[in-house]
Amino acid sequence: MPLRLDIVTAEGVVFSGDVDMVVAPGSDGELGILPRHAPLMTTLSYGELHVRRGDEIMYFAIGGGFMEVLPYQVTVMADSAERAEEIDLERAEAARRRAEERLRDRSKGAEELARAQAALRRSMVRIKVAQAQRRRQKSGPSSQYPQSTE
Amino acid sequence: MARVRELKRRIRSVKNIAQVTRAMQMVATSKMRRAQEQALATRPYAAKSWQILTHLASQSINIELLHPLLARRTPIRHTGILLITSDKGLCGAYNTNILRTAVHFMSGLGHPAMLITVGRRGRDFMLRHGGHLVADFSETLPPRPTPLDVAPIARTVMDDFQSGRYDEVYLIYTEFLNTLSQRPIVRPLLPIRPFELEMDSVMAKYLSPEVTRITGEYIYEPDAAAILGQMLPRFTELQIYQAILEALASEHSARMVAMRNATDNANALLEHLTLSYNRARQEAITKEMLDIAGGAEALRKSMQSAAVG
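In order, the protein sequence lines correspond to chains A and B. The first sequence begins at 2 in this note's numbering and counts up one residue at a time. The second sequence begins at 342 in this note's numbering and counts up one residue at a time.
Pulled out of the complex, with its shape left as it was, chain B reads as follows (with noise of 0.2 Å):
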């Protein structure tokens, strides 16, 4: 009997929690809808400035020369890493694997890295690991953010490079692929380097090759270097800005996924729960009237000798 009744309570919470795995995977899924659509929307922009940024660089003129922004340093003596993870836990294998990423990336730098943080979970495992945290913008950012909400993480970032607190800044997050694959990636911010663009990301596709042949020289209006010093400053906010929608459609995608394979798991054991309760109450069923029909006989028998006695 205590058998039954301990089933029954584990059966309840069992249910219990199915049912507010489901009421979550249901909040992520409709946070993810927003935030994939807002990071896809971002793309276009994203890859066109790269595209501008090349041209701008298959220009004859130098343009390392023309911006800090663009100047690269040798030799790397401290790098600056921004870091995006999430605030909130719950979301699977999300914050390991960029978390993973990153200290591989730092273990192989050879040098300590300079930590800027974007997410709680990120910031806390790094603290507890001795990372070295020099600016933190955990839990500032609203659930859609803005190219303006972004702008102070992007203004430090720039001011410490030009500083030369460090000589170059990578941004590390999770690149969304889809609602099922997110990937890790460590991609150079700081200096720009217009001729890199990673052909595999997922901004490469669109851009147009075909019309990107330049016959002659630019005309600038006014010219290279104020065009450059208003471009560059946002186009690295726009990078990070892109980093953080990509890494938000990613944390949303997998917190759902996770919450769908939890309540998944809630409703197969809640089977196979039910099922053994099913069976112990028969079993107590039977022993009970096995009972009653032992005792029954017993007592018949005892009568009759009685009777005979």
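Next up, chain A with everything else stripped away, as it sits in the complex (with noise of 0.2 Å):
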């Protein structure tokens, strides 16, 4: 019996269907889910979560949450999640760069700082993941992308 997994965000459902492993971002570590796992909650730090499915293996920038493990079920409550595919590299890059600049501003309260790191954290992890995935896409035999000259 295959395992069930569910990626949602307050925004919609990212990703529903059954899959073979999980390997999520725990906040105490990285924990990898097979079918059968003894039921599980945990929170998720920012990080990559990658779904194997068969040969193919698909990866996720995750921006904390929690996640819950049952035996045949996973659910992943993100506060953010996207398809490596659909990163925006540059757009994460401006996103780090405003948020870099609103870290600099002291004159800012705490909760502005607070919301500015949480901004910074999420696109480091959205860049990470987007510059595995095109690593990935440069080497891959399946390749159709152009090389880049970078």
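Hint data in this document are derived by calculation from the structure and do not stem from the laboratory. One should not assume that every hint holds.
As the list claims (entries may be wrong) - What follows is a set of in silico ranges between Cβ atoms, one per label pair, in the way DEER data are often shown:
id, chain 1, residue 1, chain 2, residue 2, range
1, B, Pro529, A, Ala111, 39 to 47 Å
2, B, Ala609, A, Glu102, 31 to 39 Å
3, A, Ser17, B, His452, 41 to 49 Å
4, A, Arg136, B, Thr395, 26 to 34 Å
5, A, Asp106, B, Glu378, 31 to 39 Å
Think of the CB as a built atom: it goes at the ideal place given N, C-alpha and C, for glycine as much as any other residue.
Take the two lone chains and join them into the complex the hints point to.
What follows is the structure, given as structure tokens:
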């Protein structure tokens, strides 16, 4: 029996389907989940989540949240979640610069700073996941993208 | 002749009204579509949150002791109400319905309620009728709110609850069913009661009961209290966010329908007025012709008698 995975955010369902394995960024370290896992509840940190389905591996950038694991069902409730292919690297880098600028501005209140910090971490995860995705596409045998010169 | 001119003026003004209401209907339609999409997109997350919370509650540990947002208080001395209405009018019975529900609920409480209002209509109504407002978030939300925009509202409600300003909090908002029907609803917000998920609510259909059986205890990472400490504020925030999205979708739907009715009415009136106008104009022409004919006849007669005489 395969593992049923749902990745949802407040803005909508990001992924829903049967998979073979989930590797998630738990707050106490990476967690690999296979079917028939013991019931588990954990908080997630910012990081990369990947999913194996047959020969296919899918990557997601996760911006914190919760995960509930039941023997045949994994529910990821993320504060933000994006498929690696869908991340716009340029936009993520612009977001990082904006967040860094906001953090340098010492006149802001604590709440504003916390918000900027969260935005910074989110953008850094997105950049990391998107860069890894580009590297894979370059080195992969079935790469259909032209080699970039960076 | 005066009647004809009067009718003509009325036709022109009714035509103008129809044009305005039609434009408002178009605007409401596009806003409605976006708001509906947004409200529907959030429902799975809200439903999953409930599901996880019910799982936690069904564990052998007494979770009520683990977090202040779960602790029930007796007796209830103060009730907080988060009332969600619209900022703008012209949306049919939308605000009337939600305010009637709110007033009915408040009169059944037995003690005065403290209000936190989101929406100018609800705020003004409560102020006019001597309601006790403790906070107001009207006109602070953008047309497409994100969870971040709702965070200050959630913060206020949770802080006041934890400081003991009120012992329980209810959400009063309009649940979006479809374009033609929305229903005012009162839902407990705090303390969080995981067991009392209303199965008739629109969220229930996103739950999958066949896979919710849990075998054994959860493993918690890091531990149950820490997880709840992060999850419950998020969850409360999300419930408020969901309620606001549902209310927005309802508001725009109600306005769209109200404006469509107004346009239809204006068009019906226009038809009726055009008919009266044509009839009045015809009457005036007939009368004029009669006058002319009568005048000509009189003239002819007087000339005849002059010739004879």
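Each hint, compared with the structure:
1. B:Pro529 with A:Ala111: 39 to 47 Å: 31 Å Cβ-Cβ, so the 39 to 47 Å window is violated.
2. B:Ala609 with A:Glu102: 31 to 39 Å: 59 Å Cβ-Cβ, so the 31 to 39 Å window is violated.
3. A:Ser17 with B:His452: 41 to 49 Å: 45 Å, holds
4. A:Arg136 with B:Thr395: 26 to 34 Å: With Cβ atoms ~42 Å apart, the hint is violated.
5. A:Asp106 with B:Glu378: 31 to 39 Å: For Glu378 (chain B) against Asp106 (chain A), whose Cβ atoms are near 35 Å apart, the range 31 to 39 Å holds.
The structure fails to meet hints 1, 2, 4 from the earlier list, while all remaining hints are met.
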